[in-house]
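> Using the sequences and the hints given, assemble the complete structure.
2 protein chains.
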Amino acid sequence: MIGLGPGRAGTMTGDARAALAAAEVVVGYKTYLALAGDLIEGKEIISSTMTKELDRAAAAVEAALEGRTVALISSGDPGIYAMSPVVFELIKAQGIDLGPKDLEVEIVPGVAAVTAAASLLGAPLSHDFACISLSDRLTPWEVIEKRLDAAAGADFVIALYNPKSRGRDWQYGKALEIIGRHRGTDTPVGVVGRAMREGQTVRIHDLGAAAQAEVDMQTLVIIGNSNSFRLGDRLVTPRGYMNKYGNKWQGEEG
Amino acid sequence: MIGLGPGRAGTMTGDARAALAAAEVVVGYKTYLALAGDLIEGKEIISSTMTKELDRAAAAVEAALEGRTVALISSGDPGIYAMSPVVFELIKAQGIDLGPKDLEVEIVPGVAAVTAAASLLGAPLSHDFACISLSDRLTPWEVIEKRLDAAAGADFVIALYNPKSRGRDWQYGKALEIIGRHRGTDTPVGVVGRAMREGQTVRIHDLGAAAQAEVDMQTLVIIGNSNSFRLGDRLVTPRGYMNKYGNKWQGEEG
Chain A
1 MIGLGPGRAG TMTGDARAAL AAAEVVVGYK TYLALAGDLI EGKEIISSTM
51 TKELDRAAAA VEAALEGRTV ALISSGDPGI YAMSPVVFEL IKAQGIDLGP
101 KDLEVEIVPG VAAVTAAASL LGAPLSHDFA CISLSDRLTP WEVIEKRLDA
151 AAGADFVIAL YNPKSRGRDW QYGKALEIIG RHRGTDTPVG VVGRAMREGQ
201 TVRIHDLGAA AQAEVDMQTL VIIGNSNSFR LGDRLVTPRG YMNKYGNKWQ
251 GEEG
Chain B
1 MIGLGPGRAG TMTGDARAAL AAAEVVVGYK TYLALAGDLI EGKEIISSTM
51 TKELDRAAAA VEAALEGRTV ALISSGDPGI YAMSPVVFEL IKAQGIDLGP
101 KDLEVEIVPG VAAVTAAASL LGAPLSHDFA CISLSDRLTP WEVIEKRLDA
151 AAGADFVIAL YNPKSRGRDW QYGKALEIIG RHRGTDTPVG VVGRAMREGQ
201 TVRIHDLGAA AQAEVDMQTL VIIGNSNSFR LGDRLVTPRG YMNKYGNKWQ
251 GEEG
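Residue numbers (this note's numbering), protein chains in the order written: chain A, 1 to 254; chain B, 1 to 254.
Check each hint, because a few of them may be wrong.
Each pair may be met inside one copy or between any two copies, as identical chains are not told apart.
[Said to hold, decoys possible] Dumping the calculated PhoX-like pairs for lysine-lysine here, alpha-carbon to alpha-carbon at most 20 angstroms: (1) Lys52 - Lys30; (2) Lys174 - Lys244; (3) Lys146 - Lys174; (4) Lys101 - Lys43; (5) Lys244 - Lys92; (6) Lys43 - Lys146; (7) Lys52 - Lys244; (8) Lys43 - Lys174; (9) Lys43 - Lys244; (10) Lys101 - Lys52; (11) Lys30 - Lys43; (12) Lys101 - Lys146; (13) Lys146 - Lys30; (14) Lys244 - Lys30; (15) Lys174 - Lys30; (16) Lys30 - Lys92.
Simulated from the structure, these hints should not be mistaken for lab results.
In this text, all values refer to a predicted model and were calculated from it rather than measured experimentally.
See below:
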């Protein structure tokens with residue numbers, strides 16, 4: 001299971017390239033297959049649409065059990081709202097044993113979408129942070145709401161995955177409202193669309209106006225904590241070095 | 001500011017390699033300079049010890065203001081408990097303008113230590129998760145404690161950075177105790193030391209026994225949520241596909 005990184009070829013690791021090269025069969029959503037580019041030329045390809053995660057996992061496991069070397073690809077990292085848990089859930093349900101005699105599974109981590117988005121914004125994640133998906137397709141909304149409230153109340157930086165989709169349009173506004181109970185309307189919010197892919201957008205809003213931002217399934221939204229600040233067109237969450245050492249340091253400089 | 005990834009050369013992205021190659025000056029902690037290997041041969045090197053983050057940031061900014069192309073390197077991702085916020089804090093304190101005429105800053109994201117550790121464990125992060133550093137050098141312990149309690153209470157997977165250091169030995173046990181108020185003693189806990197570096201260790205404990213695990217500043221500890229399970233020697237947090245679609249899917253298979 002290979003994480004390709006967020007987008008263009010340069011975001012892929014050497015390990016991911018090598019693992020793709022070694023694969024006989026490549027399984028993936030068609031957009032991700034495009035990201036893999038000419039690294040997968042000449043290989044057997046099994047592609048599917050976005051909502052068929054379980055089918056993709058099953059196809060990959062089946063081909064691997066036939067003794068073939070299979071690359072199941074995700075964008076970003078395969079373990080963050082991606083394919084690796086789906087494969088393990090399936091392996092468990094089918095009672096397949098893990099190991100060299102049965103099924104060997106290796107995971108090649110990638111640059112996660114959230115760190116790619118953060119790098120474009122500046123340094124928003126730089127203190128304790130929480131990642132929350134707003135998709136209630138597999139998770140009850142009450143659980144998501146509780147997590148939003150807890151994370152906001154404890155002053156975590158909050159990264160929202162899957163803020164909105166075609167059939168799911170109110171969760172994003174509701175999430176900002178919950179976070180707004182704990183944080184000022186001027187809290188900076190970074191909104192990154194299609195990080196490191198064609199059509200990339202990077203914007204910073206105030207929390208009070210962030211509900212108006214255009215978001216979709218390829219958008220990452222990062223809400224600063226109570227110490228986050230804007231610096232020019234960047235969003236920064238300080239670790240606190242200047243608070244603790246700043247005076248001394250400035251003193252040394254005169 | 002370049003993220004080298006967690007360890008061995010294969011975990012570095014193409015973008016990171018290219019950015020290192022383009023740099024005239026490389027600034028970094030000496031362990032990270034070793035990770036960069038022969039990519040930095042022949043360049044001016046400014047190295048420092050671990051606790052001198054502010055000195056490293058200042059040296060990088062100073063060299064960049066002289067008009068040189070500077071690579072400030074971090075292991076993992078530069079924005080997760082690493083150098084990029086320190087640089088921005090310094091830039092803010094010194095009133096330096098960001099932009100092509102003054103100081104241009106670009107961040108090259110890397111595979112974060114937490115995703116590398118997760119990939120070695122299986123798929124522990126695969127639902128909503130929170131990252132918390134146990135270092136109270138710059139953050140009051142009461143803030144950390146509140147975050148541990150909130151994250152555990154809302155059933156986040158929890159990744160602990162910096163669990164223990166030479167001068168800081170009780171926070172890790174205390175953190176597990178706080179989490180244990182909300183989660184069963186049999187909750188699986190992944191403990192990964194030196195992920196993807198020489199001396200790597202990967203272990204899974206029960207929460208009730210995890211306090212006895214050996215941990216240090218290069219250890220990542222990942223505590224599962226209430227649905228996480230062990231599968232052979234792996235730790236998995238399900239996304240819930242088998243719950244929702246499993247019966248139908250098994251039905252299709254007969």
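> Taking the earlier hints as the rules, which of them does this structure contradict?
2, 4, 6, 8, 9, 10, 12, 13, 14, 15, 16
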